[in-house]
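Enquirer: Single-letter residue listing:
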Amino acid sequence: MGTWIMAGVTFREAARKKVLWMALAAGVAFLGLFATGLYFQVKDLKPHSNLILDRQGVGAMLMVGLYAVDLLAVIMTVLTSVDTLSGELASGTIQAVATKPISRWELLLGKWLGFVGMVTVYIALMVGGTTAVTYLLSLHSLGGVLPHHFLRGAGLIWLECILMLSLTFRMGASFSTLTNGVVALGLHGIAFIGGWIEQFAAFTNSPRALNVGITASLIMPSEAMWRRAAFEMQSPLLNALGFSPFSAASVPSNFMVLYACLYMALALALALRRFSQRDL
Amino acid sequence: MRSLTLEVPRGEVFGFLGPNGAGKTTSMRMLLGLAAPSDGRARVLGRPAGDVAIRRKIGFLPEHFSFYDWLTATELLRFHGRLYGMSPAHLRQRAPALLELVGLTDHADKHLRHFSKGMLQRIGLAQALLNDPELIFLDEPTSGLDPVGRRLVRDVIKAQRERGAAVFLNSHLLSEVEITCDRVAFIKHGEVLETRELRGAEAESMRVSIRARKLSAETITGLSLWASSLRLEGERLSFTVTGAEVLPEILRFLVGRGVDVFEVTPQRTSLEEMFLQIVGTDGGL
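Listed in order, the protein sequences are those of chains G and Z. Counting with numbering that gives the first Met the number 0, you get residues 0 to 279 for the letters of the first sequence. Counting with numbering that gives the first Met the number 0, you get residues 0 to 284 for the letters of the second sequence.
Rather than coming from a laboratory, the hints here were simulated on the basis of the structure. There may be inaccurate statements among the hints.
Claimed, not checked - Within a straight-line C-alpha distance of at most 30 Å, the following computed DSBU-like cross-link-like pairs (lysine-lysine) qualify:
hint : chain 1 : residue 1 : chain 2 : residue 2
1    : Z       : Lys56     : Z       : Lys157
2    : Z       : Lys157    : Z       : Lys213
3    : Z       : Lys116    : Z       : Lys157
4    : Z       : Lys157    : Z       : Lys109
5    : Z       : Lys109    : G       : Lys16
6    : G       : Lys17     : Z       : Lys116
7    : Z       : Lys109    : Z       : Lys56
8    : G       : Lys17     : Z       : Lys157
9    : Z       : Lys56     : G       : Lys16
Unchecked claim - Computed far set for chain Z versus chain G, every beta-carbon distance over 12 Å:
hint : residue
10   : Ala52
11   : Ser174
12   : Glu248
This one's a predicted model, so the numbers in the text were calculated from it and none came from an experiment. C-beta atoms are modelled at their ideal positions from N, C-alpha and C, and glycine is treated no differently.
For reference, chain Z alone in the conformation it holds in the complex (with noise of 0.2 Å):
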């Protein structure tokens, strides 16, 4: 790692993408304590990164979740509920229901040697659900698993927002991070090159090309109502909206002043072409 600099407040769904090796996981060992970094200072939900009391408000699925196979999956979450101080009583409740809620209610009894992965991978965010965390931390959590455990995962992640906790995923699958995450930063060589929202008003934000005539000076001075950034090339206009809902309302302002209008054209980058832009092509290998 280099120069990571990073916030994530609580209630967001954090997204942490960069190529392979860079640096992903090992920051998130850092905040959990996992491994020590040789400088820099990390705080975690207000105590220093690896503070064992603190845990307590934690939840982690490590990339490949394994546990001892000899266990059963109700043991296991009793065991780890244990772990975390919860009393047998409240873990007779809470066992069930979440295994009801990662769909192993069948699997209750089976010994974690009969698990496929996409199982293990179920029984692992069980597990870093248990104690109603306040900061889940998520790696690569739908490595594993088929679109219906995808849609589990992201269904838990958006329950999880909505309880208030934030989540911090490392994901390199650029389709679930859109869909799930509040904000994203990019990292390369352990290094965070930028953070970008994906929801509010910064995400809703999109560039606006248009193809027309008969623009007059005072037309485009209007519309700055709505727009801001205008620049005209020749019949081609392009400029910034806070968000699609006000097109409507532009291309009706436009006609009733007498604009011929050939072409609108919004401009909202997809998160893949934003990775490929911030971190490059060559993979940062």
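Chain G with its partners taken away, still in its complex shape (with noise of 0.2 Å):
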């Protein structure tokens, strides 16, 4: 009951951070410059080209706006909840409900669920804007286009946040606000250079580079988790053409969205552990 508790409150209190708004306000004025940028690439058409490849000239634009949500939401994300538990330590906040009768675990975990609610509604917002300007912009000359597998992209984009958010629930538990969002962006930093690595490495064959991108994935799957978003919402003759930014040369195994899995579990976990048996 007291984990319902605090997620409702934190929820509000995230809701009300400007940062939010600020990513919400940078998500509006980005889906106005896609879908403008989208409207004349629709509208300049050949009247009698190749429907299909159109299709997918539409849909390669649709992953290049998916890929700048996926960025938004990652940097809103840390930004929303990297000073949550460093702050409220260092304000005392957190004293006054923390000796209520309600677990270190379930204050924290309720925290976590207030935050995870935030992000899952910013990330239907923003990929389900993005989808839905594509679609409507592409109804009328090209029958409307859509992601390829739409939920499962969604979901690994949300995936790659709340591993985010579980590492900076993690780091916060231990650091100070700065020290948290330097070192989540950066092993998020890691995770982006590798992705691209791992993709020229793949295009290029280079076995090695690939293992340093693989590497860099292991220490940090947040990327990964996006490429293979990616993989799983583009058009799979999209991903034949190697027609998008987002090769399909080298994809992210089942293993690699599992591992990004257990990585969360395990900053989740250890959040906790810490946050439970340190002085508050």
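Using the supplied hints, reconstruct the complex from the two chains, each of which is provided in its own coordinate frame.
Expert: Okay, here's the thing in structure tokens:
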């Protein structure tokens, strides 16, 4: 019960953060830009061109849009949650709650669930918005372009954000806001670079470079979830053509998805353990 | 903390006194389960300190109370009440009653971000009383409060004692402690130096010094009916009595025996003097 009370108040607290509203504003601005670009792309299609190829072109544009959404969502997740533990520890706000009949793990899990709720709403709005804009703008001339496996893709983007969230909770249980933010975004940076190394390595057929990329994904599997999401959402034709910036040459495996789930669960478990043991 | 040993019975207002950095807040944090002692153990209401279930019977006001500033005073009480497991129906009655108690009825729907430091302290006090606790921890409850607010805290503490609750009070305002506490512990460098009764027999007893002539040995022996630890040095006789109410009788007895009394000086040490005697003037730093 205490967990849900905490989740409710944390959701409201998170929903009030300026960072979230800035991220939403950035999202809306992005959607506007994306819609304008896509509008002209669709408008400038040659009247008797190949419908299948045109659809792939719009599909590739959709992937670029979703990639921007993915980045926004990751940054928003980290920036809103980065001070939730360290900030409340420093201000003493947490003391009034931690002395109530609620155990530490219930308190932390509640806060985590509150943020999960907020992140879920953000991703639903942004991924849904981008997809809806693409569908509506391409409906008339191309019959509407949709991601191939929308739910799988959205789920993987969600997993990536929840993984980052769990990591900031684990770091926040021990370190200051600034340290937490630097470590979380630094690790995502490693994952980001690793992902691109892996893609280029697959493209240029360099197994050793590929291993460097995979190692980076094992250190931090966040970006790998996006690449798997891209693979799931692109049409099989687009994947086969290599017509998108997200190459299907090296797709993170099911094992990597499972690894990311375990990574997330471990980060959360360690956060719960550390928070239960530390002095408040 | 080094050697902290103390016991607080139910229905007592217990004051914890000491210089800055003596370990008052740390002790309270350990009793509340916010910090773990490296050694030793503490029991609170018969359970190990920090026990989750027992917190249902505990109230706590932190030194600088703060909470999500977008909540209104009523919402804050409802949130904390729900954490105590109180029903919405119960809270609908309890929250306005507590707001009235702490003088915030007119600010019930105001957001905490518009609250002054003193108002935050008042709403903090209200949330510490939500569950009718058996044990209340107050960490510097009067900090940031004006005289009216301090009076309020005193009245609340008194009401809680009358209700049978134990109050554990951290304060450096000795005058407050003197008025409100039944017993105090003096602490320095994380160690309890001494505990003293401020109410009851031990607190009422005092040393009296008399300057008189024509004191016979027989008269002095007769005084032992009311006084103990008699000591005569020249014209000055000093002794301990159980309370000020016996002084007129003693005087009547002395005058009746033909003793010339020039001066009677009751010597009651103030809490401040006690503090300086026990803790020292170096402030423990």
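Enquirer: Now look at each hint and say whether the structure bears it out.
Expert: These are the hints, each one checked on the structure:
{"no.": "1", "hint": "Z:Lys56 - Z:Lys157", "result": "18 Å, holds"}
{"no.": "2", "hint": "Z:Lys157 - Z:Lys213", "result": "48 Å, violated"}
{"no.": "3", "hint": "Z:Lys116 - Z:Lys157", "result": "23 Å, holds"}
{"no.": "4", "hint": "Z:Lys157 - Z:Lys109", "result": "28 Å, holds"}
{"no.": "5", "hint": "Z:Lys109 - G:Lys16", "result": "20 Å, holds"}
{"no.": "6", "hint": "G:Lys17 - Z:Lys116", "result": "24 Å, holds"}
{"no.": "7", "hint": "Z:Lys109 - Z:Lys56", "result": "28 Å, holds"}
{"no.": "8", "hint": "G:Lys17 - Z:Lys157", "result": "44 Å, violated"}
{"no.": "9", "hint": "Z:Lys56 - G:Lys16", "result": "34 Å, violated"}
{"no.": "10", "hint": "Ala52", "result": "6 Å, violated"}
{"no.": "11", "hint": "Ser174", "result": "26 Å, holds"}
{"no.": "12", "hint": "Glu248", "result": "51 Å, holds"}
Against the hints set out earlier in the document, violations occur for numbers 2, 8, 9, 10.
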